[in-house]
Every structure is written in C-alpha cells, then in structure tokens.
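Protein chains in written order, with this note's numbering: chain A, 1 to 325; chain B, 1001 to 1325; chain C, 2001 to 2408; chain D, 3001 to 3408.
These aren't lab readings, by the way, just hints derived from the structure by calculation. This structure is a prediction, so every number in the text was calculated from the model and none was measured. It is possible that some hints are incorrect.
In the SDA-like style, the derived pairs of lysine to any residue whose C-alpha atoms are separated by at most 25 angstroms in a straight line are [as the list claims (entries may be wrong)]:
1. Lys320/A <-> Asp3379/D
2. Lys2027/C <-> Gln2376/C
3. Lys306/A <-> Pro3347/D
4. Lys320/A <-> Val249/A
5. Lys23/A <-> Asp2313/C
6. Lys306/A <-> Arg3339/D
7. Lys1254/B <-> Gln3365/D
8. Lys314/A <-> Val249/A
9. Lys3143/D <-> Lys1254/B
10. Lys3301/D <-> Gly3035/D
11. Lys2301/C <-> Leu2334/C
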Amino acid sequence: MPTMNMLQAINNALDIAMAEDDKVLCFGEDVGIFGGVFRATSHLQEKYGRSRCFNTPLVEQGIIGFANGLAAQGSVPVAEIQFADYIFPAFDQIVNETAKFRYRSGDLFNVGGLTIRAPYGGGISGGLYHSQSPEAYFAHTPGLKVVVPRNPYQAKGLLLGAIRDPDPVLFFEPKRLYRASTGEVPEEDYQLPIGEAEVTREGTDVTVLGWGAQMEVIDRAVELAEAENISCEVIDLRSILPWDQDSVVESVLKTGRLVITHEAPLTGGFAGEIAAAVQERCFLYLEAPIARVTGMDTPFPLTLEKEYLADHLKVYEAIKASVAF
Amino acid sequence: MPTMNMLQAINNALDIAMAEDDKVLCFGEDVGIFGGVFRATSHLQEKYGRSRCFNTPLVEQGIIGFANGLAAQGSVPVAEIQFADYIFPAFDQIVNETAKFRYRSGDLFNVGGLTIRAPYGGGISGGLYHSQSPEAYFAHTPGLKVVVPRNPYQAKGLLLGAIRDPDPVLFFEPKRLYRASTGEVPEEDYQLPIGEAEVTREGTDVTVLGWGAQMEVIDRAVELAEAENISCEVIDLRSILPWDQDSVVESVLKTGRLVITHEAPLTGGFAGEIAAAVQERCFLYLEAPIARVTGMDTPFPLTLEKEYLADHLKVYEAIKASVAF
Amino acid sequence: MTKTQDIHSPEFLRGDEFSIPTFRLLKQDGSLYEGAQAPELPRELALRIYHSMVATRVLDERMLAAQRQGRLSFYMQCIGEEAAVIGATAALDDADMIMAQYREQGALVYRGFSYDEFMNQLFGNELDYGKGRQMPIHYGSRKLHYMTISSPLATQIPQAAGYAYGQKLADEALCTLCFFGEGAASEGDFHAALNMAAVHEAPVIFFCRNNGYAISTPSIEQFAADGVAPRAFGYRMHVIRVDGNDILAVLAATREARRIAVEQNKPVLIEAMSYRLAAHSSSDDPSGYRSRKEEEAWREKDPILRMQHWLIDQGWWNDDEEKALQESLRREVLETMKRAEKRPPPPLESLVSDVYADVTPALQQQLDQLKRHVRQYPDAYPKGVRSLDPDVAAGHDAADHNADQGGK
Amino acid sequence: MTKTQDIHSPEFLRGDEFSIPTFRLLKQDGSLYEGAQAPELPRELALRIYHSMVATRVLDERMLAAQRQGRLSFYMQCIGEEAAVIGATAALDDADMIMAQYREQGALVYRGFSYDEFMNQLFGNELDYGKGRQMPIHYGSRKLHYMTISSPLATQIPQAAGYAYGQKLADEALCTLCFFGEGAASEGDFHAALNMAAVHEAPVIFFCRNNGYAISTPSIEQFAADGVAPRAFGYRMHVIRVDGNDILAVLAATREARRIAVEQNKPVLIEAMSYRLAAHSSSDDPSGYRSRKEEEAWREKDPILRMQHWLIDQGWWNDDEEKALQESLRREVLETMKRAEKRPPPPLESLVSDVYADVTPALQQQLDQLKRHVRQYPDAYPKGVRSLDPDVAAGHDAADHNADQGGK
Ligand SMILES: Cc1ncc(C[n+]2csc(CCOP(=O)(O)OP(=O)(O)O)c2C)c(N)n1
Ligand SMILES: Cc1ncc(C[n+]2csc(CCOP(=O)(O)OP(=O)(O)O)c2C)c(N)n1
Ligand SMILES: [Mg+2]
Ligand SMILES: [Mg+2]
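Bound-form chain A, shown alone:
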C-alpha cells in the first residue's frame, strides 16, 4: 500500500471522484492550474480540463452560491474555500441556502451533491485569520453535515463518502497535518461512513474525545496518561453533524468519565453540545464532571499560539483531574 500525506490522499480522492463521474467539478480560488494554495487539487485541471476544474473569482459567497446552483442542477460540485477563516462571506449561502434547500422545497430540489472543502485549524503560526476552527458555527445548522478527518487514510475515505453523500457536506481539513501526517492509503476507491465515530483505542478509566488534528494531541496526552496507569478510551468523532451520540454514550457508560477537546474557543464550541447531551444520557454513571479542553475565549493569537492551544499537556492534565475527581 502506498504511503501518502494528507494532501496526497485528498488529491487522490478528488481524482478518483472526477474520473468516476464527470458530473464532479472542483473549483475555488487558485484551484486551477496552480492546484490550490496547498496543492490539494494539483493536476486535476490538466487531467479533467478547465471546465471541470477551475479558478473562480475571489468571492466566497459566489463560489458557494454557484456551487449550490450546480448541485441543484444535478452536478456534483466540490468547492474549495481557501481557508476556513474565509468561509464566513459564504455563511448565508451555506446556512440559509445549502442547509435548507431540500426542506423548504419539500424535496422537490436539493443540493445534496455539494461538498465544501476548507483547511482549518491552528498550529501553523497563522494568527487570527489562518487558524480558526469554525465547525461549531455549522453544527448548529440542521441540514448540513460536517466532517473532519484525522489522517490521510481517513481523509480519502471520508472525502469520497462526503462527495457521494446525498446531503451537503462541509469537509474541514486539518491543515497542520496536510504534510505532517503520513500513512498507508490504498490506491483504490473506498469510502468511510459519514455520521459514525470511531473508537481508536479502547480503555476503561476515561473517555477522551476529539476530532481532526486534536486526535494527534490526544494520542500524545494518552501516552502520558497510560504511563501513569490511566486506561484511556479514545474516540475520533469524525462527523460533527450529525454526531454519533450512541457511540460516545456507550463509551462513557463504561468509563464514567469524559474529556472532550477541540481547538475552537470554549464558549459555544461543540464540546458544549456533547457535554450537554452526554450528561443527560449518562447522568447516573458519571464519576466526574465532563471536562472540556479547548482554545481560549479570544480570537486566535500568534506569538503566544503555543500557550493558547489546547495541547497534549492540557489534555493530559484534564485526564488526570477527571480520574482524580
């Protein structure tokens, strides 16, 4: 099996989707001949022509508006937003249009073919506007699906799943891992399920939950914890919306403890939703308060980024505190 980094895995998934179905289109700012500023769409224009892989003008609301129209028409657009921080000009098209297209028309029309890809997250010295993790904004929006992969294998399988999913999917890519994360990825076509969490490590003392680049952070924290004989069950949520409550609840019923971590600020972050739902379903089984390890309630900083981030040491401390409660 070949080794790929996450960008290669994503590029490979797009290639497979475009080869298979000529209704699949890839576009966005600098996506054409340049292959995107991160090169996720490299060579796709060469292979599939300018009408199927192209640069757009610099206008996110236009990109998603155009993509909504294409999807309604029956095409399968994969639109790239250059950085998740720049998805907000398209917020109306996504939240008021994409999300509500099928519902408001009573299923006469839908934009289920749409996938929106965007690199998200910190750890790359990006400051306020190249570091944000906006998944929670979209997770409050019925009608959308929100997916975040943790490594190249997941990225390829989930992206193919997203493109073929009958609902519109926001696919947030942890850009810190684009080149840093490598692994074996099958050449051939495969899909991973949307809406299902994955238990990546079994344990008994505490459940540690995250998604995307935080999974690497969790792994490092768990290593420290296991060295102290704390047995951790690790869950990659993978889909933020809809999210796999049953898997999380099942784990917490077993461990009695839950630590959730994400990069986005605490207040209104998706960990709040998870904590609220889990305390409701696991109330009598919880042995410690559900802990959240997140970004601070500030815009994303630069020079003190390391201090700001929800890193492995903070997660480790939260695990210890939970077990010691």
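Based on the hints, put chains B, C and D with the ligands in the right spot on chain A.
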C-alpha cells in the same frame, strides 16, 4: 409611569440616545422615513435629519461594513438588520471584523460604539426565514456581546446600555413581543447592565432559565408547575455573551436542578454551553440531568409551528421530569 | 493585461456619458411606435400570454382580499409587472430553468401551475409541494422547472449562474433565467453572480425587475446610477433596458437574450423598467412613503390593458371574451381556495423529513418525543394531533392526489 | 425614475463601447509624454516620496531574505507597486485615513512609520502595537491614521465608506483612502461599499491596485471586463484609470480625486495599472503560473527607476546620493531587525486583553488557569513563562519604549 409596548420602548431608547449624543446614527433597510418595517425607528429621521437616520441600500454586509467603519471612526452606529434571518450575509463583517477589531489592533482601533439591532424568533407564522433565533452563532465569537430583552422595560434599559457599552453589542429583539408585550416604562433615561442575568422569581426545587420571548413561555410553564407545588426559580439570562455564569451556578447550587429553554434548534444551541458549564461547576449538587427544551433540529417550519416550538407545555413537562428524576 | 488608449491629463469619467436607452415597441393604446416591429407572435401564443397575465391579476386580487378577510396569513402581488414576468417567461423554452425572487407568480401561471397548486402552497396544506414549511407565495415546481422560492434576497442569483453553468456542461441547449428586484441587486450576491457568470460564460439571463421600490426604499436611495443596467459594463456583459410594461418589447428582448445565452454561452442582463402598483406585501401600506399621484400615473401604464388593446387591434380578442375569461377565472380561484382551505395540514412527520435525504436517528427521536407530547396534550396541538390519529389520516382523499401532483 | 432615450429595436450593449483610457505622465526614461504636465511637486516633497519608495524596496528585499533565512515566518512585498501606493498617499492630507489591504507598507513608510515599528510588528514582540497577535505585515498606526490591516479581503472597503461618512458628519474636510487589489474587488463587500458610498455621498477614494494577479489567478480569470474601472458606471461614480508605475500620474490623479471627495463629498474610484513583480508572498512561487518573460517585461517598467530618472533630470538627485541612501537604509534595516528579534514576546496577559474593553471575569479565569499550567510546565512554554517571572519582566528595557511608541 407611561405604558409602552416593546417597539415604543425601543423607539424611545433610540430617541434618547440620539438626542443625547449627535454621534449616534440609526440606519438600515427602510429605517428612514418609513421608520423600519416594524416601526422601531419611527420619527427619528424627522427629528434628527436624514444624515443621522437613513435608509441603506439592500445589502446587509454593506450595512455592517459601513457601521464598522463608522464605529472605528468614533461614531456610534445603531444598525438595524430587518430580520435576524437576514444577518448572515453580514456574518463575515460581524464575526471576522466587528468581533476582532480591538484585539487584532492591540487596542489601537475598536468598534465598541457599534450596536446591531435585529428582530428574532418565531411564533408569528414566519416560516424558515422570519423566525430564526441565531444567538448561538454569535455566542461562539469572542469579542461580541449578545443581549436579548424580555419586555419593554428591559428593552429600553438594555438597549441604552448596549449603545453606550464600550464593546460591540448584538441586540436581538423578540419580535413576537413587539406589540404583544406592554408594561410600565419610565420616560427618562436609564440603563440596565450588560452581562448580568436576573432572577425574576425565587424558588427552591428547580431553576428554569431562558431569555427573550421564552421568558413568557417559562412564566406560563412555571404557573402550571407551581400549581403542582413545584417551587421554581426563574432566571432571565439577558446577556448571552458574556453570560452570567455565577448567577446561574448560584441558583443551581441551591435548587439542584436546571431546565434551560430556547427557541433555536437543540444541537449547538446555547443551552448546550450552559449545561456543559453548569454540570462542571455543580457536579456534586445536581439531582437530575440538566434538561434542554428547544426548537427541533430542523429548519423552522410554518404550518406546524405550534408543534415545533418549545412552548410552555414542553417546558412544564421538563420541569416535572426534572423534579421527578 | 488591459490595453487601452492613453491620456495625459487627469480626466475623470462619471458614467453619465453612457446613458442606456429603453427599448419599447408598444404604446399604451396598443399601437406600435414608429419604426417598431412586433416580434413573431402567433395568435395562440399571444392568447396564452394574455390569459396568463389576466389569470395572475385575478389570483392576486382575490388572494389579497382573502388575506384581508383573515383567511390567509400573507400575500404578495405582481400587479403592474405581469408583462415583465410573463413576457420574459414566454421567450424561454419551457424547459429552461427559472429562478425567481417572489413576485413572479405569472411565470408559473404561464407554465401551467394550476390554481389548485397555488392554493395548496398558499394554505400550506398537506398537498403543498413544500409541505407547509414556507410562508405563502414560496412556490416551486420541479416539473415546470421553477425553483422553489427562498426568502433571503439575491441568493438565487449566483445559484442561477451555477445552474446555467451545469446546463452548459450537460450540453442541453437550455438556459436559466433569474428574476430579481432592483433592491436585491444591491446585495453582494448580485456582484458575485454577474462576475462569475461572465468569467465562466454561463448561459444565464439576469432579469432585473426595476419596479422603483424595495419595500419603502425608492430606487434613488438604492443606487446613485441610472438604474441597474450600467453595471453590466463592469462585467463586459450584454445588456438591454426594456419597458417592462410592454409585453412585445420584453418578449423580443428576452428572446434575443436567450439566443445570446444559449448560442454563445454568454450571460445577459435585462433591466425591465416597471412599477410595483400594489403594496410591497399584504403587511405593507405604501401611503407612508409614496403618493397616490405617482401610483395613478403608473396605473395608466397598465401592462395588461396595453396588451389587451393590441390584441383587440389584431382582431384576436373582444370584450365578451374578456368578460367570460374574468368570470371563469374568478370562479375558479374561489373554488380552489375553498378546496385548499379545507385540506388538512401536512402530517407531523413532515417536521423532520427532508432535513436530510434520510431522517437521522436523532431526528426520529425528536419526532417520537413530539408525538408522545402531542398525544398527551391533543387539544393544544389540533393540527399535529390529526396526523397521529390513523382513522382520520386514512379517511381523507389526500393520498390519492399526491401521486400525480408531486412534480418530482 | 430613470429617464432615458427610447429605442425601438432590441440593441444590446456590451460595454466594449466604453473603453476607459489610462492616464500617464511620465515615460520610463524620466521624460514627460508630449502634452503632459507634471503636477506641482516641490523638491522636498519629491525627495520625501522617492526616499519612501526606496526605503520600502530596501525593507522588502531585506525582509524577504530574512524570511528565507528562517528569521521571519512570513513576508509580503510591495515590489513594483511603490509608485501606486506612495503616490496615492502623498496626494493625501497626512490626517486622512488610510485603510489598506496588506501590500501598502509604502504608505506607512511615507507617513513616517519607523523601521523599528515595522520590525516590532514583523517579529510580534512586546513592542508590537498589535501585541504579537497578527501575522507579519499586519501593521497599524493610530497616530499615522493607518488602520490596522485585517486578513479577510475586501472587508475594509465598506468600512472605508462608513469611516468617510463619519468624517463628513464630523465636518473635518478629511477623507478616507481605501486600497485593495483587483482580486479583492470581486468580493461582495466591494459592490456593497461602492454602492453605499455613492448613495450616501461619502468622501472616500477607492484605490484599486490592479497588479494582474490574485495569488495565481490572472486578472482575465478574475473578471471578463477591461479591468475594474468600468464598474464605476454602475454606481455613477467618478473614475480614472492611471498608470500605477507613474508616480506623477498617480499623484495628480489622486490629488484630483481627493478634491472631488472632500469638496463635493463624492466617492471616487481609481484603478492603478501595475504588476506584482514579486511572488504573492513568501509562501508563494509564481513560476507555476506565469512566465519569467512576462515578469521581465514589467521589471523594465520599474516605478522607482522611472522616478529616479525624472529626479536626476530635475537635477535633484545623483548616483552618490543614491548609493548613500541605499547603504544607510540597508544598515538601518539590519540594525532594527536585530533589535526587534531580541525583544521578548508580549506578556501572557496579552492573550486575554482587548477581546473586550475590559477583561471579563471568565477570561481572567482562563488566564489564571493558563498561568498555573505554564508554571507547571515552564519548559514547554518558553515564551509564556517569561512574563510570569517578575525578575525577567522587570529587568529589560521594554517598558520604557512602550510609552512613546504606543501610537494611541
Ligand atoms: C437578505 C434579505 N434582506 C432583507 C429582506 C427583507 N425584504 C424582503 S423584500 C425586500 C425588498 C426587495 O425589493 P426588490 O428587490 O426591489 O423587489 P420588489 O419587492 O420591489 O419586487 C426586503 C428588504 C430579505 N428578504 N432578504
Ligand atoms: C476573504 C478572503 N478570501 C481569500 C483570502 C486569501 N487570499 C489572500 S491574498 C489573496 C489574493 C488577493 O489578490 P489581490 O486582491 O489582487 O491583491 P494582491 O495580492 O494582488 O495585491 C487571496 C485569495 C483572503 N485573505 N480573504
Ligand atoms: Mg423593487
Ligand atoms: Mg492583485
């Protein structure tokens, strides 16, 4: 003391603010001679002239962009978004600009003078796009303040507080109550504090928390509950961001139970944040899971709106279930 | 890079240099302007257009009255703009996609949307294709290639560009026509749409109904330029301004626009100059922001009367036919309205379907919980409880109608 | 309502009719075009402009090198566009507000932002006015009326309209100049801004740097029209296109634009035609999307050399002066860079200040928690721990500098 409905109270607050400080400007779609589609800005153009109260072109991102610039310059803009459902085209200007203006400039510049008013909420047969309650989208955004009044007295005092607050404030007005809610409102200038919840009724068995139009729903539910001898403590959160954790926690430490209700969909709604924070701080004192009574995880419907809404009967059932747990 | 002429003194242009003329063919009395030539318009098509205009007007008048009587929560009229909307639609292939704003019910009438179909949407009953989820006037029809209306303004404009681009790739020789108001054209989405359509050569017709107002805001507070048409220069886009009350001019202009769009894969902008004769909606009262006199001046330019005069001149129409048409339409509106009012609401399940292609487990749980709740308080939720009672649900005839009206 | 001429045949305009010329004064050899007249430009001002252009170039070259050496995380150069940026700034009153995109450091140089101030921002140290929160090149200066740069494109354009409207109400006889790229002009905010400024008569100059590219996207994939200038017609806005490499033309055009803005309260659009000679940023490599040949052709139009030739012709400049200037600037850049690099980072408290006017209790708690954590793992957070150690914090000289550099 004169009796006012909520629109009159808001109009009165704007009038006082404009009379006091000629840097205060009111603008938005149809805000000028027409006085806004709900007439919240009636007569202000007559009184203060077209340069201080005016119609804008139909472009929410422009309204808020323009308002951000005015605020940075030292003016005190009070921008109206005709319906909260139409605030999303301005999402980028609010979330990436308004919220981060002071932080990113190291306090060289700020848009603290800005207030954004928008009618929100359901119960008026408005369907998908005249009923939304988007407070949670903004509550995940450090740098913003988010305020929701429950009655005319609160509306006037909180709006004057918002306009004079040194930070940008989103002021969501429960449009269902615009004319339906009336009460005594002092003619003169007064302010209510931003960031402080209010205990509107004391009780011992369960804390029931909400904001805006839900407070009326809560009152009806509590009436039913009190008839069953359930003693309810009722809290109006008033400020969603920053929110008054201490007051809520204090109450829950006393009652051991919490029911939170909002109109917005469940998943990612602000009740999740409150529940997550409260379970952390009150873990050993909770006698039942924190309950959330909210809109369903769908776009806002029309014909079946009554069924959809988090009404008094649903809140009442949640109170009973919490007490019976 | 741009290659233009050089100048050596700083001369500013202002746009006034380039005034865009208005294309007109038909005078109010039904005769043609000197030098004007009517587009090809066989009698049958002319009558289809005229019938649609009248049917739209009758519907509008009746439904506003119904709203006033409290039978309907909300309504929006097309009055005064029937020629713009129906003329544009008649210039299209019936399979072209239409993406409208909300004041274009005439397009649906022209394509054959029945009064029953209108009424089901207006009353949000169980036969409404939109399943009673949107406010009145948010029609849609898949079989008639009419995209379901969405309230947020201008969002359909970039969508139309994308839809048309997809049509081009599918090589269907079809185009998309996108209606919007001069107010909506202020939104950022307008700029995004026109630019993207021009760059990517999408076969889309942007049809701006400049009716002078956006709710209370007159167009001079909407933009400083002479209308919306000059914006086309910013995108190097074909553009024409047309008298929106002139059915022949609208038809001719839109036909030519369609030819450019479909044959050359180029977007076109049409600005139809008209006037919103009615209030913005049933919630609005225009007396606060404009004069009766202004309204009267425009009432004299009524597009339906103008076409009627022309038809009579052609010998294709007479007063008796007019009377008969009006009467039969009025009767039909009343009958269909009564039918629709009586129909039950959509079932409780419709609250959670279509959020996703399949109902998610979490939504199913929310529905089940709601059902339990409604059963507990049946009197509090008369609409919801109905669909819970299997006898009631089975007893009526709605299911039969569903099959042939679904459109999808 | 719009009153225009009538036509009776459906003629579509395409905008090609209205080609906007380019205003030029100075040839590359330093001589004026025939018939051209230089704007009033006393020697002292000319040299201030020229020094600023050179100082910007030197800064750009040195800092890109520093980035390549790994001393700096990121950099963006203005190379090739110095005349556009500095010429525009020199036409303003120094108290006019400038709201820039990110490639306009020349404007700051011209207004007197010191190399120290640049460096503190670039290295995000404790003296950075922005407190080390934004990426390099996000400068701002309150005392120099230069709005802090924000990465999201085009957001400053409607803000500039609002800022200028506030200036008008304050009756200050000042205006706002807003810089943006031809790429950013595709954003919805651009349309919003120009329309609002035109309708509300804000004294704002929209200055578009059309440098041919938005990262890899050439302007022909950005818009179908001949540049950005024709969009002005859509707003009935004064517009001029100017050779952006021609310092005299930019100066003359912007002065006239300022006069229109301040005296008539009318917005103006200027499109400066130039070329981004360098890569988009230090993260970019243009060889994948454009040719050396194209770059070389533009390198021959270097705006600094062009002005230098003119200055030499005036007898105001010579090679020795050039050499001395270059050397002293290079030395200064290196010295200030070394100073800035060595300065400590902002204190941990800066993570939570300025989110709101006052630190909220919740943020104070988050900070306290972070402090405890950093104390527990001091080696993991070398930057953060520094400000926790009172001896270290008191020992250095930063506090002294803070007072006179704060700008606010
Ligand atoms: C994004 C958005 N903002 C505001 C509104 C509220 N609104 C509904 S119609 C309307 C005026 C539209 O005017 P115009 O586009 O000229 O169309 P007309 O009503 O004249 O046909 C406004 C402001 C909306 N529906 N969507
Ligand atoms: C809203 C937004 N979208 C995308 C980006 C990423 N981005 C940064 S610069 C740039 C190109 C800008 O081109 P242009 O406006 O022509 O300015 P230039 O770099 O040529 O000076 C892009 C796409 C951004 N910063 N903001
Ligand atoms: Mg209109
Ligand atoms: Mg550029």
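For each hint, the structure was consulted:
1. Lys320/A <-> Asp3379/D: holds, 20 angstroms
2. Lys2027/C <-> Gln2376/C: violated, 65 angstroms
3. Lys306/A <-> Pro3347/D: Since the Cα atoms of Lys306/A and Pro3347/D sit roughly 13 angstroms apart, the hinted pair holds (cutoff 25 angstroms).
4. Lys320/A <-> Val249/A: holds, 21 angstroms
5. Lys23/A <-> Asp2313/C: Not satisfied, since the Cα-Cα distance of roughly 51 angstroms exceeds 25 angstroms.
6. Lys306/A <-> Arg3339/D: holds, 23 angstroms
7. Lys1254/B <-> Gln3365/D: With a Cα-Cα distance of about 23 angstroms, the restraint between Lys1254/B and Gln3365/D holds, given a limit of 25 angstroms.
8. Lys314/A <-> Val249/A: holds, 23 angstroms
9. Lys3143/D <-> Lys1254/B: Roughly 53 angstroms between the alpha carbons, so the hint for Lys3143/D and Lys1254/B is violated.
10. Lys3301/D <-> Gly3035/D: Judged against 25 angstroms, a Cα distance of about 21 angstroms means the pair holds.
11. Lys2301/C <-> Leu2334/C: violated, 28 angstroms
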